[in-house]
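Read off the chains here:
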Amino acid sequence: MTSTLRQRLTPLLAGTCIALGLGMAPAGAETLTIGFLAPMTGGFAQVGQDMVNGFQLYLDQHDNKLGGMDVKFIVEDEQAKSDLAVTKAKKLVLQDGAQMFIGGLLASTGYALAPVSTETKTIYISSVPAADDLTQRQFDKYPYFIRTSWTSSQPHQPLGQWACDQGYKKVVAIAADYAFGYEVVGGFQKVFEDCGGKVIQKIWPPLGTKDFGPYIPTMKADADAIFSLMVGPMSLQFPKQLRGAGIKKPIIGGGTSYDEFALPFMSDEVIGDVSALHYSAAIETPKNEAFVKAYRAKYSKVPSYYAENNYTTAEWIDETIKKSGGKWPGAEAFIKTMQGIKLDSVRGPLVMDDMRNPIENIYIKKVEKKKMFGYDKDELWNTVIKTYPNVSQFWTYGKETFLKQPVYSKDFPPCKYCD
Amino acid sequence: MTTQTIKIVAVAIAMVVLALLVPRSGNFVVLLATRAMTFAILAMSLDILLGFTGLASLGQAAYFGMGAYLAAILVAKYHVGLGWDFWLVVVLGILCGAALAAFFGLFAMRATGTYFLMITLALGQCIWGLAYRWSSMTGGDNGLNLGARPDFGLNLSDPIVYFYLVFAFFGASLLLLYLLVRSPFGLTLMGIRERELRMQILGYNTWLHKYVAFIIAGAFGGLSGVLWAYTNGIVTPETVVLTTSVDALLMTVLGGAGTLIGGAIGAAIVFGLREYLSTLVPWWQYVLGAIYVMTILYLPTGLMGIPARVRQYLRSNREQAKKKLVSVPS
Amino acid sequence: MNTQFWLVQAFNGVSYGALLFLVGAGLSLIFGVMRIVNLSHGSYFLLGGYVALSVIATTGSWALSIPVAAIAIAMVGLVMERLFLRPEGQFVTIRDAMLALGIALIFRLWIGRVFPLMLPGATGAFIQAAVVVVILAIPVFLILRRISAVAIETDTLRQVLLTVGFAFLFQQAALDIWGGNNMDINPPPLLTQSVVFGGLFLPAYRVFMIAMAVIIGIVLWLVMEKTRMGAVVRATVDDAQMARGIGIDTNRVSMFIFALGAGMAALGGVIGGAFLGIYPGLDFEMLPLAFAVVIIGGMGSLGGAAIGALLVGLADNFGKALFPEISYFTLYAPMVLILAIKPTGLFGRE
Chain G
1 MTSTLRQRLT
11 PLLAGTCIAL
21 GLGMAPAGAE
31 TLTIGFLAPM
41 TGGFAQVGQD
51 MVNGFQLYLD
61 QHDNKLGGMD
71 VKFIVEDEQA
81 KSDLAVTKAK
91 KLVLQDGAQM
101 FIGGLLASTG
111 YALAPVSTET
121 KTIYISSVPA
131 ADDLTQRQFD
141 KYPYFIRTSW
151 TSSQPHQPLG
161 QWACDQGYKK
171 VVAIAADYAF
181 GYEVVGGFQK
191 VFEDCGGKVI
201 QKIWPPLGTK
211 DFGPYIPTMK
221 ADADAIFSLM
231 VGPMSLQFPK
241 QLRGAGIKKP
251 IIGGGTSYDE
261 FALPFMSDEV
271 IGDVSALHYS
281 AAIETPKNEA
291 FVKAYRAKYS
301 KVPSYYAENN
311 YTTAEWIDET
321 IKKSGGKWPG
331 AEAFIKTMQG
341 IKLDSVRGPL
351 VMDDMRNPIE
361 NIYIKKVEKK
371 KMFGYDKDEL
381 WNTVIKTYPN
391 VSQFWTYGKE
401 TFLKQPVYSK
411 DFPPCKYCD
Chain Z
420 MTTQTIKIVA
430 VAIAMVVLAL
440 LVPRSGNFVV
450 LLATRAMTFA
460 ILAMSLDILL
470 GFTGLASLGQ
480 AAYFGMGAYL
490 AAILVAKYHV
500 GLGWDFWLVV
510 VLGILCGAAL
520 AAFFGLFAMR
530 ATGTYFLMIT
540 LALGQCIWGL
550 AYRWSSMTGG
560 DNGLNLGARP
570 DFGLNLSDPI
580 VYFYLVFAFF
590 GASLLLLYLL
600 VRSPFGLTLM
610 GIRERELRMQ
620 ILGYNTWLHK
630 YVAFIIAGAF
640 GGLSGVLWAY
650 TNGIVTPETV
660 VLTTSVDALL
670 MTVLGGAGTL
680 IGGAIGAAIV
690 FGLREYLSTL
700 VPWWQYVLGA
710 IYVMTILYLP
720 TGLMGIPARV
730 RQYLRSNREQ
740 AKKKLVSVPS
Chain R
750 MNTQFWLVQA
760 FNGVSYGALL
770 FLVGAGLSLI
780 FGVMRIVNLS
790 HGSYFLLGGY
800 VALSVIATTG
810 SWALSIPVAA
820 IAIAMVGLVM
830 ERLFLRPEGQ
840 FVTIRDAMLA
850 LGIALIFRLW
860 IGRVFPLMLP
870 GATGAFIQAA
880 VVVVILAIPV
890 FLILRRISAV
900 AIETDTLRQV
910 LLTVGFAFLF
920 QQAALDIWGG
930 NNMDINPPPL
940 LTQSVVFGGL
950 FLPAYRVFMI
960 AMAVIIGIVL
970 WLVMEKTRMG
980 AVVRATVDDA
990 QMARGIGIDT
1000 NRVSMFIFAL
1010 GAGMAALGGV
1020 IGGAFLGIYP
1030 GLDFEMLPLA
1040 FAVVIIGGMG
1050 SLGGAAIGAL
1060 LVGLADNFGK
1070 ALFPEISYFT
1080 LYAPMVLILA
1090 IKPTGLFGRE
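Heads up: the sequence lines are chains G, Z and R, in that order.
Under the working numbering, the first residue of the first sequence is numbered 1, with each subsequent residue one higher.
Under the working numbering, the first residue of the second sequence is numbered 420, with each subsequent residue one higher.
Under the working numbering, the first residue of the third sequence is numbered 750, with each subsequent residue one higher.
Just chain G, with the same shape it has in the complex (with noise of 0.2 Å):
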């Protein structure tokens, strides 16, 4: 009785709904519910505010739909913690149902958050958390892992040939002294070393460094040029401190080092230095373009990386609902579909390797202080110098013999020229 008086009443009521303008999911649609882990509280609240607003801005410019299906967007604050990030990552697909969950910021939170996807059989999108061994020599371990930001050592492979080919023969490396820091500059070094090039020092300062007083001077004198790999606040006292000392060598940065993120806060001391990333807020596509104003306008900030890596997620996960019919086809299935997207992403075309981490473009970057996109201020961007295409995690070595090696750390590639 009551079913029947609901079957007849409902077409009724979308009708009205309908001409009333209100719209209404149509009966039986799906919702897709997506779980997406960053720090909104603490030190890391602003990066993990970025990451949400680069998931939203698609979200909004979409009505709210990914591929078709009713997005619930769940955002748990966590709190930069790993042990944390797996408490809500359990939440969220425990407790909400997620269908898949995305994000948490810091590499110890994506090696905590991989295994959650595999005992809870639940799709993990490593949207910000860079560590390598994820998509390479733990692949195996996690089947439901899936990565569409970048390695660490990835953009720092190319930039290590194109130091070479600017005729830098000694390089002095800094850099943040925890996994990531070892990652970026075990790529640098390996393919700066392979070119003929020679990484003569290398320094670690504890992350969270400020006063770089003990370090400058340790520099050796006779290198060509110093790279650097700084994180968060880290970045904006580096270069000023480096000038202060009197030191004008050019400084190539790893990417967190220059990143929109802290560009804006930087003075103009650090025009001219080069970096090198998968992503710059001042590539020149009609693509990149909007997204700039479009985010600027919502959220009066230049993205970082941190928003458009996000924003591409999303981007990736509506083709795959597309290209899966509107519904939700299973984790497994998901995964597939999803490693054969090809995507015209905002920063460059994406493709995924059969390890299940982007294949993108790297670009090396210039800071320069111009006005850009219509914008009436002059501002500090990352000029795009030089693009490496399609790179691959494993560069031009070729997976087989990349992964022969033990991940770069603090010991690999060894310091041979370090006296």
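No lab work stands behind these hints: they were computed from the structure.
What you were told as hints is all true, and nothing was included just to trick you.
Computed footprint of chain G on chain R, listed as stretches where at least three residues anywhere in the stretch have a Cβ under 8 Å from a Cβ of chain G: (1) 760 to 773; (2) 924 to 936; (3) 1029 to 1036.
We treat Cβ as the ideally placed atom computed from N, Cα and C, and that holds for glycine.
Fit chains Z and R to the supplied structure of chain G, relying on the hints for placement.
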């Protein structure tokens, strides 16, 4: 005597309710309860120092970290602790926590009051520095992954089974610590808390008593660390930071120092706010901060002290009423 | 490793120590006078930096931002001391009212999730919120008046925890007000150059930090040693009970010292902000360092704070340069040793 019995019965009933209710309230609640109970053991271990001996330590995370890293290193590097040898890891964790406390205690016991606070803070920071920098052993910033939980007939990967295991450890710790503080040894500790000089004059070796209490607290800290490692499956330097020690201290004071169970209540509240309320509202930190400030200002004996405060309030009201009656001129 | 290396490292260590002195001296004085271990001292440092950023953003003047930030945060310290750490008389009522408003605000946030907005526009929403908060605050206030707060003056641990609670609240408030971006204070161009001295490049800003610390240190020392006010403070540090006995208003001394300490931490925040940056989390990074200074030098001693700051600056600097592998150890292990040998620090008194 009677209030004591009432308290024991109340705690026992609460424990039974907890054991029956939690597994029926959804997986997330089970997980939260497991985490909170693990931390509650740490808070109770601190209560031995803070509530019963009068030593406020800001370095309890050191023993917690010791246990957690021991378990993680044994599992991740030596593949020990995924079967029956789980119990071996537990015992080793307790022993290592105690050993570390025995070593640190030699330094810490020389100071009292604020200086004890400071020296334990410095000791805790030393352990954090090691966890953070000794990457070859601790995995540095990436931390160590344990992978699956042990399976020895009982499969601990099942959240409910694991909940009951941690519950058993929690109950056992509570019972053991309760027996400890009721023993002559515990009474001596309380005597030291009230007035150390008097106990010295009475012929007690107060240094040794405090030192042993310090080691016992370290042992239970080690136990909670081992369980914490298995609970989360990952151990990072974040486990050993200063705020972990501060958290343990706040939980103990929030629930009520010197009551043992107060630490558990504090743990439940802090975890409830930080991990459950944070799934509902973004401003949970204000609630947490407000609760701290209010408890410290208005509830010096913590939440466990509320009944006593209410009784006292009623009594003073009655006395005032009586006074009024008396003072009415006839 | 030639002479030049050692000279530059020593110079760097001294300049870092100069910054630490600004933070540590206030903490030390507060402890000396009030016996309070102030765990919100790092928050004052960070808040000082944020206030300075706001001043620079509105007026463009870096020089102006230094006194404004110091005075603003000294006021915050003053309020905190009067209302929460040493409340007396009508301040107790004000404190209860403030807490009631705070709790009502949280309740309103909660109610706001389900309670419909009845007045139109942003102003309407604000008026409605304000009315709801005040209405909610009244019963809370009345309840708080009935519960007598317990004096915390005699309880070190509860004082410590209270300051931790405030540190958490300050942290969240700063995040909500200024956002979580990593920011930087840019001093005038003159200070960003380097001075060449005997073939050494000395960053002008480091020279400036040393100069500031020396000037402030000397002024403080003169005030403490040569003025009546200083004598009163010293008497309070030595024996508060005795000082009260001879008619010193130790209550006012503690108010003055707490505000001074907070203001100095904020000053450190402005000066250090150009050197360390301003970002969330800086508060809890500075705190252990400030404590290291005070612990090594001994609490309550200005000279001790100076020596402690110098030692920590140099130990930190040379530790990182010479033994990078154990650089945290070189900071905390000596601290443990000094405390174990002399629990009151090098210059501290029981």
